[in-house]
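Undergrad: Chain residues, written in single-letter form:
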Amino acid sequence: MPPFTNIPLSPAELSYLHTSLSQTPPLRPDGRSPTDFRPLVAETDILPSANGSARICFADGTEAVVGVKAEVERSLGLGVEAGDGDVDMDEEDGGGVGLGERGKKSRGRGEWLEVAIEIPGVRDDDALPVFLSAMLSEALLADGGLKERLWINARFHWRLYVDVFLLSSPLSYPLPLLSLTTHLALLSTRLPALISEKDEDPLFNDDWEASLYLYPRASEPAAQTLKPPFTLLVMSVGENIIFDPSREELSVAESVLAISASPSTSISNSNNNNTLNMVALRTIDPPSRLTGSAVPNSITAGGPSLTSAEILALREKDQGQSVWRPPRGGIPRALVSKMIKMVVEKGGVGEEVLAALAGVGT
Amino acid sequence: MTSLKRTYASTAPSTTLSSKTYLRTLKSGKVQKIVREVYLRQDIACSSQLCTACLNLVPASFHKKADAPVLSATPAATKAFPNGHYLIPDTNAFLSAMDLFESEGTVQDIIVLQTVLEEVKNRSLPLYHRLIALTKNEGKRFYVFFNDFRLETYIQRDAGETINDRNDRAVRKSCTWYAEHLQQAVRSRKSARCPTIVMLSDDRANLRKAKDEGIQALGLEAYVAGLPDADKLMDMVASSRENRAVKDSKAQMLYPNYMTMSAMLTGVKAGTLHQGIFHVSPYNYLEGSVHVPAFDKALIVQGRENSNRAVSGDIVVIEVLPKDQWKAPSSKVIEEEDVNRNDNAENGDDEQEAVVTEKERRALQDAVKKVHGRSAEGQPQATARIVGVIKRNWRQYVGHIDKDSVRSQAKETRSQQTVFLIPMDKRVPKIRVRTRQAADLLGKRVLVTIDSWDRESRYPVGHFIRSLGELETKGAETEALLLEWDVQYRPFPKTVLDCLPAEGHSWTVPASLDDPGWNGRKDLRDLLVCSIDPPGCVDIDDALHARPLPNGNFEVGVHIADVSHFVKPNNAMDKEASLRGTTVYLVDKRIDMLPMLLGTDLCSLKPYVERYAFSVLWELDTSANIVHTTFTKSVIRSREAFSYERAQLRIDDKSQQDELTVGMRTLMQLSKKLRAKRMAAGALNLASPEVRVEMESETSDPADVKTKQLLDTNQLVEEFMLLANISVAAKNYEAFPQTALLRRHAAPPKNNFEELSNQLKVRKSMDLHTDSSKALADSLDHCIDPQEPFFNTLIRILATRCMMSAEYFCAGAQAYPEYRHYGLASEIYTHFTSPIRRYSDLEAHRQLAAAIDYEPLDASLQSKAKSEAVCKNLNVRHRNAQMAGRASVEYYVGQALKGRRLEEEGFVMRIFSNGFVVFVPKFGIEGLIRLRDMVVGQEQAGREPESVYDGESYTLEIEEQGRKRTVALFEKVQVRISDEAEESTGKRKIRLQLV
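Those protein sequences? They're chains A and B, same order as listed. Under the UniProt record's numbering, think of the first position of the first sequence as 1, with each following residue one higher. Under the UniProt record's numbering, think of the first position of the second sequence as 1, with each following residue one higher.
The shape of chain A in the complex, shown without the other chains (with noise of 0.2 Å):
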């Protein structure tokens, strides 16, 4: 018996879809091009009282929504705060002068984003809610831009709260659903606008309208339009590359990479035709693997009897051709390359989704 894999399909449908998707164009079962997203429905700013919030819904019911709430915290053991007493202020001078270069780099810390995922029915300490969470921060910290405006002043930051909530059961694969509500609602997100100056106690202008936003707008007199970091799911069958795979797709796909981009910032890019930055990539054990394979008519009962040594070797040699047979071993890396090129090339999905992403009214 093969194991419970939470996919109602039959070693044949399951050939019969991977036949399919390895033909040239794939013939996906909803008709897709390889390139082709399910449409979505989005909106933001759903949540009144948080900073940020979004909400999307795709075709197939599942359905997501993330509130983003900054809170004021106290930095503790940076800058001035820790020079408590007076021997100590000189060691701290002295450190401070390289801390403050350091700082120049990166004043921020990644424990000042804090991603939950809440999945019905999956405990919170569950390894599906604490992968995808840990995927997603890892995301958004990887370009360093967010924890950098997350930095108050030498005694304060803002720590971001980022919560996500799956709405439906996990039908497919959610990350890619959470990963592009997680960015509308950075998007979306607006933190009060700072008076204070230094590293006074922070005060800030009581009008929400002045407030600013996490990621500039374009019609702000930003130095750029910064954007969050998204992430796709990618899978192959053959040669094909397909995206946004459905849960049937996935079933049968032979690898599958969850590759985080964000738009690039520095100008040094500039000169290869890449718009956007893969900040991460994971790979991710698909379910594929966890089904059964199928036993070839040749060998079923009622033909020629065999030994089980004879049996497995007979099954080995089918290597798939005649019926369904999990796929095994890893990604070619040429594959990888391809992929990770389809979605931060100029004019690749990336771009596409971002722009899409862009048209969602607030």
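These are computed hints drawn from the structure, not numbers from a lab. Ideal placement from N, C-alpha and C gives every residue a C-beta, glycine not left out. Keep in mind that a hint or two might mislead.
[As the list claims (entries may be wrong)] Listed next, the stretches of chain A that the computed footprint assigns to chain B, with coverage defined by at least 3 CB atoms under 8 Å from CB atoms of chain B: (1) 39–52; (2) 199–210.
[What the hints assert, rightly or not] Some chain A residues flagged as far from chain B (calculated, every beta-carbon gap over 10 Å): (3) Ala70; (4) Glu71; (5) Glu138; (6) Ser196; (7) Leu250; (8) Gly347.
With chain A's structure known, arrange chain B on it following the hints.
TA: Chain B alone, transformed into the frame defined by chain A:
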């Protein structure tokens, strides 16, 4: 997918839901985004008597009768608005011209928009409270229109619009709506006259936009100019910001800038800056002190630049100066009038003002130089400079116009000029006031307020409110001191009088014992109760009785007027009383805490009539130890109301052997024992210079001044009142350990006595032990100069000044050991015995009534926070009442001595390097004699005689025309007393001269 979003944007004109989003910073530093949903309605009335449509809208109130419309159907007309007008002022108009709106009979029919009210609240809380008081004043016809809740006048903030712009737009929108609404109303009534809606604003942009939108709008000044008596009213308007802004550009900044609020708060939290209340020395206007918790001694703030525009009473943030700038407190008397006599009030453009005039600098330097390098008193103390003001405590100031600053005294010139106002309170700097009536106001007591103190102005800028009358007239001076001490002296409003019993003076204790008034009351009418009070007392709080018990002990009763029966918690009368806090006694006038009907009749324990009382009954043994205490509400009938003197005579008169007199004698004996016990426990016998002004009965002009005589009967009453207070305090604390209202007197910090004990040691080689109240009491008893009986009293007066002042507090706010009353040497204390004249006693009554299960305690007395707020107010009121009383005595003493020249003996109380303070016991007055005044001969006036000041031995050696003389502290001197109208304060003051 249906959207989850609740849209607040007004999509249709009939959308009645909107929202408001803002940020709130919590004390903890957290920032919250707050979203308030706003439900818009159409049933908010315009409240004009012209409008019949709105009449039906108004919801019926509690009594099923709707509130009557506020705005008159025939509002006042002016030349510009012949049909009459309703005013809609914007926020700035209220901020800069509150006094105009408050002044009687000037403007009426005013619509206060909710937007404006809220903005005023955000900008200035005191002004907000004044505005609220105005809206409650029926005669003024102020109506608060909730425009942000009315659908038609609500506006959504546009994208990119500032809050100010949005609010201005809201005001204009309301103006437009009102105008249309009234038009309709008038049309439906078919009357011809439709009042104009006039928007009042000081903001030019707003005015222009209003004109564009077709709204009648006027600037403040333009509007006031159209009113009758415009000159007077114009003075009440703070000079508009535009005027000031013009000056800003060219003026030179004289004072350092204040730190930002956040920088100050950070500094205070981190301990690098300190926060405290700025007090200016009454002797030296250039020196102030700020007491902060981080230091034992107050920090000194010297000079104008360091005090950086702070006015006495402000809550300031200070920075301690480096040690090389520490100075001794100056030992010199510096008065503003002497130093800056010839300042120009006009602040002309040609003349650059310096913050610190050369003269001021010299005066300060001299003061510092003279004491430099000496130890003891002259030790340098930490100095500080003010870096910012947390809260201004500006109030209205009484003063008079400096006649030197008035350019043209001709009555007919109506040109506006800037004059200096010299406040009565010497600690407050001169105030620059722009007025058109300078000539009229000369020689009058006037009330002004400070509007601002900008960096480029050496003096604060204020505006004139009203004139109180001629200087030195009784009415003006009395009102002046009431205003100075913030005593509420206006008649009780109708809402308060409504709370009085309907029967009025004919109210009596119900005859039938079944009446609910008798519930829980003991019938003590057969006790031989009498009252002993000062002569002429009409508000009799307390009465006493004593009778022997069969077991040889005595039953003693203290019966206090049962005010809490008449004043129920939280009604208008209770609120008014809690605001007033105390009755204020002036020489010729009493400002009551409770309406006359209660204070002098229904509550007062008048003789021969039955009255409700709250009684404390003790069983005392023969050595006056308490065997048993009972508290009960009761009904008594006082047999007699004695004055102290008459009671004394009656007790001393051996021929009187009736029961009442015997009872009084028992009281007398017991009181002496009680007193002895109290003294043994370390109670202090303190002294303050108390005098009584005798009035001529006909004219009520002061005839003579006498020091108060203390009789044994005074002490009799005092002892039993103390005993009652202590008993009640213990009972209340037992019942309400968190909320009981108590009174404490903190032990004075040791260094308070430092100076006095050093002075005693040096001058008289006497020791003052200040370890405990007992030690102090004993050592005070030893401070006796055999030649000089008054010396001991003098030391007691000085010792009293070193002590902390007693204060009310709520039991939960302090630890039990802190409850101690230092002066009375009692573990716990409260005020219970004078509920007619003190609000604290009334609260104690309520708590005691609840403690003995007579009635449930009102919720307001169960909340610690509320009780604490009440205590805080009571402490302030109590102190102000005392000050006002003293000021009144001072004024009348001055009047009594008017035109007389007397020679009296006095004592040197305090010594400076350029003068000394002499106390004259006979009149209870103290006065400063400056060296400058000792110069003989007119031609040399203003010059100081040669002198050597020795701060170590507290002596001042003066050489004048070859004659040498030394003045030492505590020395007895002969002084000549005359009177003069003091130029600086306009008060008639006693002038002392050394003979």
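Undergrad: Against each hint, give a clear statement of whether it holds in the structure.
TA: We went through each hint and held it up to the structure:
Restraint check on the stretch 39–52 of chain A versus chain B: 8 residues with Cβ-Cβ distances below 8 Å, three needed, restraint holds. By the rule of at least three residues with a Cβ nearer than 8 Å to a Cβ of chain B, the coverage given for the stretch 199–210 of chain A holds, with 11 such residues. Not every CB of chain B lies more than 10 Å from the CB of Ala70/A, the least distance being 8 Å, so the non-interface label is violated. With 10 Å as the threshold on Cβ separation, the claim that Glu71/A sits away from chain B is violated: the shortest Cβ distance comes to roughly 6 Å.
At roughly 28 Å from the closest C-beta of chain B, the C-beta of Glu138/A stays outside 10 Å, upholding its exclusion from the interface. Against chain B, the non-interface label of Ser196/A is violated: not every CB pair exceeds 10 Å, the least being about 4 Å. Its beta-carbon lying about 24 Å from the closest one in chain B, Leu250/A satisfies the requirement of being farther than 10 Å from that chain. Listed as a non-interface residue, Gly347/A keeps its Cβ farther than 10 Å from every Cβ of chain B; the least gap is roughly 30 Å.
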